[in-house]
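Novice: Could you build all of it, start to finish, from the sequences and the hints given here?
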Amino acid sequence: MSDQRKQVQRRREAAARRRDRDREAWRARNQASQERQERGVSRALRDRDVSLLDLVDRLLDGGVVIHGDITLAVADVDLVYVGLRALVASVETIERDAGVSLSASGPSLKASAL
Amino acid sequence: MSGVLYVYAITDSLAAPSATGLHGAALRRIKSGRLAALVSEHATTPEPDEEVLWAHEQVIEELMSSATILPLRFGSSVERAEDVIAMLAERREEFVDALERVRGAVELSVRAELLEAPRLDPAPPPRSGTAYLMERAEQERRGRSAVELVHRPLAALARSSVPPVGTRDPHQFKAAYLVDAERVEDFGSRVGELNADLDSARVSCTGPWPPYSFVAERGR
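First to last, the protein sequences are chains X and W.
Counting along the first sequence from 1, when you hit position 69 you're at 69 in the working numbering, and nothing is skipped either side.
Start counting at 1 in the second sequence, then tack on 114, and there's your number in the working numbering.
It should be emphasised that the hints constitute simulated quantities derived from the structure, not laboratory data.
Careful, some of the hints might be misleading.
[What the hints assert, rightly or not] Sample of chain X residues lacking proximity to chain W, with all beta carbon distances greater than 10 Å (derived):
| hint | residue |
| --- | --- |
| 1 | Q4 |
| 2 | K6 |
| 3 | Q7 |
| 4 | V8 |
| 5 | R11 |
| 6 | R12 |
| 7 | E13 |
| 8 | A14 |
| 9 | A16 |
| 10 | R17 |
| 11 | S51 |
| 12 | D57 |
[What the hints assert, rightly or not] If the Cβ cut is set under 7 Å, some of the chain W residues that face chain X in the computed set are:
| hint | residue |
| --- | --- |
| 13 | M178 |
| 14 | L184 |
| 15 | P185 |
| 16 | L186 |
| 17 | R187 |
| 18 | F188 |
| 19 | S190 |
| 20 | S223 |
| 21 | S318 |
| 22 | W323 |
| 23 | Y326 |
| 24 | S327 |
| 25 | V329 |
Yeah, the Cβ is synthetic: ideal placement off N, Cα and C, and Gly gets one too.
Specialist: See the structure below:
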């Protein structure tokens with residue numbers, strides 16, 4: 001076999017390897033996207049929780065404030081987040097999504113029956 | 115009057131309120147010049163629980179469907195109608211400006227969970243303080259650039275935005291966007307595209323909300 005033919009052969013093999021690699025990457029991407037879609041279905045409940053967190057963020061932390069006449073102090077807002085605990089998947093989720101540390105809220109909160 | 119006046123929103127719309135207040139209470143307009151506050155009478159200020167929060171939101175959304183409004187924070191009440199009139203007069207300029215800013219727009223909320231590339235090996239314990247700090251810096255850099263990946267394309271579709279704040283975890287991103295009502299659909303599609311394109315982030319969007327995060331200049 002001439003050098004030239006050997007070179008062509010090597011190039012062909014390299015191209016085939018690249019093709020296989022691309023195909024593998026494509027397959028992996030496809031599978032990831034399928035898994036994401038499946039997660040989307042099972043996340044229906046979580047989306048409700050996300051809406052609730054967004055609602056609480058807005059109603060208790062946004063909006064026009066009338067000075068001195070607001071019923072809720074900052075500590076009370078934390079209490080509301082705690083009160084919503086049962087509705088959200090886990091305390092960890094609230095802490096993560098709301099940036100509220102429940103564990104740092106003191107023994108009285110932990111003791112309350114929520 | 116022995117009860118309280120519970121205040122929902124401020125508007126410059128002349129139309130009679132189309133909604134009913136919390137617990138079926140009648141809504142009333144208290145005017146001061148071109149501005150009006152929408153209120154209902156209650157024995158006490160409602161306590162927040164999930165049901166009341168959603169009921170409050172529903173009142174605001176109904177008001178928003180026919181008028182430009184500035185929503186008040188939940189639990190805002192005053193004792194007398196004169197208090198409302200005084201507040202509207204004192205803060206007239208602020209409210210007029212804010213109404214112009216949000217007219218024709220709605221708020222959309224975006225949260226993104228940024229997923230790190232999985233580590234093949236468990237992280238070795240940092241060899242030194244410097245190594246630890248460098249690792250932290252690298253983590254923050256990755257977090258920021260992922261935020262850029264989500265935030266920049268969405269902000270381009272928005273009238274304004276409240277930048278990502280309020281979460282401790284660098285992999286949790288949340289932001290609010292003030293979006294023209296006619297661009298809401300485009301915004302939603304863009305969120306869908308980001309979700310499909312970014313392997314490193316899971317993006318979710320809720321809304322349209324009343325412009326809670328845009329009642330004050332530069333957001334809140």
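Novice: Which of the listed hints are broken here?
Specialist: 11, 12 and 13
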